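Taken in sequence, the protein lines are chains A and B.
At position 104 of the first sequence the residue is numbered 104 (my numbering), and the sequence of numbers has no breaks.
At position 68 of the second sequence the residue is numbered 1068 (my numbering), and the sequence of numbers has no breaks.
Please keep in mind that the hints were generated in silico from the structure rather than gathered at the bench.
Being a predicted model, the structure only gives us computed values, none of them experimental.
Some hints could be false.
One side only, chain B facing chain A, incomplete, derived with CB under 10 Å [to be verified]:
hint, residue
1, I1011
2, L1077
3, V1080
4, S1106
5, C1112
6, A1130
Glycine included, every Cβ here is placed at the ideal spot set by N, Cα and C.
Protein chains: 2
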Amino acid sequence: MKLGEGVEAAIHCAATLAGVDGDSTMPGAALAEAFGLSPSYLLKHLNMLTAARILESVPGPAGGYRLAKPAERITLLDIVLAVEGREPAFRCGEIRQRGPTKLDASAYVRPCGINAAMLKAERAYRAALAEVRLSDIVADFMKGADPRSVAASCAFAERHQRQQKSRST
Amino acid sequence: MKLGEGVEAAIHCAATLAGVDGDSTMPGAALAEAFGLSPSYLLKHLNMLTAARILESVPGPAGGYRLAKPAERITLLDIVLAVEGREPAFRCGEIRQRGPTKLDASAYVRPCGINAAMLKAERAYRAALAEVRLSDIVADFMKGADPRSVAASCAFAERHQRQQKSRST
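Next comes chain A alone, as it looks inside the complex (with noise of 0.2 Å):
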């Protein structure tokens, strides 16, 4: 199984975002700077999150990103499924019906039982990841992570975020 390294560059960013003042955006290159990463790499990712509702990119030379709602309505989840697809991570290909002994397709109404235990197991991980709100990542940072990290963060963010006028939404 595997998740695309998009995914920890997403959440990292989602929850740098969620660090900034009030309606204030912070530039795609400036959240590509602060984890090393190209920002046509990031970008990509970053349309994602905007095209799922969990940023909002605020267009022109001034503009950027920032949440589009609050980090205590954001999970992992959200985060997973909008950089990775929906689509279950299993891939039942009905295999069953191939071969010297495929049946009509009467034979078959009932799921197969390969494929809807994958599917629970999937549940569970999806579970767990709704679980965990942006907010609390960053809440778990602020409280745990060594001060001079904290330090550094937050004055990136205070360096690179814009304000802005009034919010789009």
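Please build the complex by placing chain B on the supplied structure of chain A, with the hints as guidance.
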């Protein structure tokens, strides 16, 4: 999040081998035929299951595969890890340590909270997979699948299994 297509094939093959009599084996070509798969494609996955000691391979023209232990002692987690590898799905690249806010290593002794939360969810996934034994999958099929499917699968196993003189282990 994605699982390779081989997972479906691996679980179906293991479930099929749970249905052969005693120490009998089934050739890889028959398993491939059963699910309409290319034998060379399937061989890779059968080898992985053998390397993980889920299957046992009996060499020679009259050989084939059989379970290396009772189906009660094989879980879906065993099979998924054998095919997909044991690495976590979430790959933490420690991007928190990149960029201009990077500090010396002593600031990152505590694991990243994002990585910790992602791994916790993955433990829930693996625990759910570990709860399902191959014998449960087989019992569910025998009890719940269409009787024509059950009869066809049993007849296929009967036709393709090869009795062995003695168990190698």
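Legend entry - Supplied contact hint for I1011 (chain B), tested at 10 Å Cβ to chain A: For I1011 (chain B), the interface hint holds, since the closest Cβ of chain A sits about 5 Å away, which is under 10 Å.
Legend entry - Restraint satisfaction for A1130 (chain B) [CB to CB of chain A, less than 10 Å]: Constraint on A1130 (chain B) satisfied, holds at 9 Å.
Legend entry - Minimum beta-carbon distance criterion (10 Å), C1112 (chain B) to chain A: OK, holds: C1112 (chain B) within 10 Å of chain A, min 9 Å.
Inset, instruction - May I ask you to test the interface hint for S1106 (chain B) with respect to chain A, counting a Cβ-Cβ separation under 10 Å as satisfied? - result: holds (8 Å)
Legend entry - Interface hint compliance - L1077 (chain B) to chain A, C-beta minimum distance less than 10 Å: With Cβ-Cβ at 8 Å, under 10 Å, it holds.
Legend entry - Hint check, V1080 (chain B) versus chain A [nearest Cβ-Cβ separation less than 10 Å]: holds (7 Å)
Hint compliance for this structure: no hint is broken.
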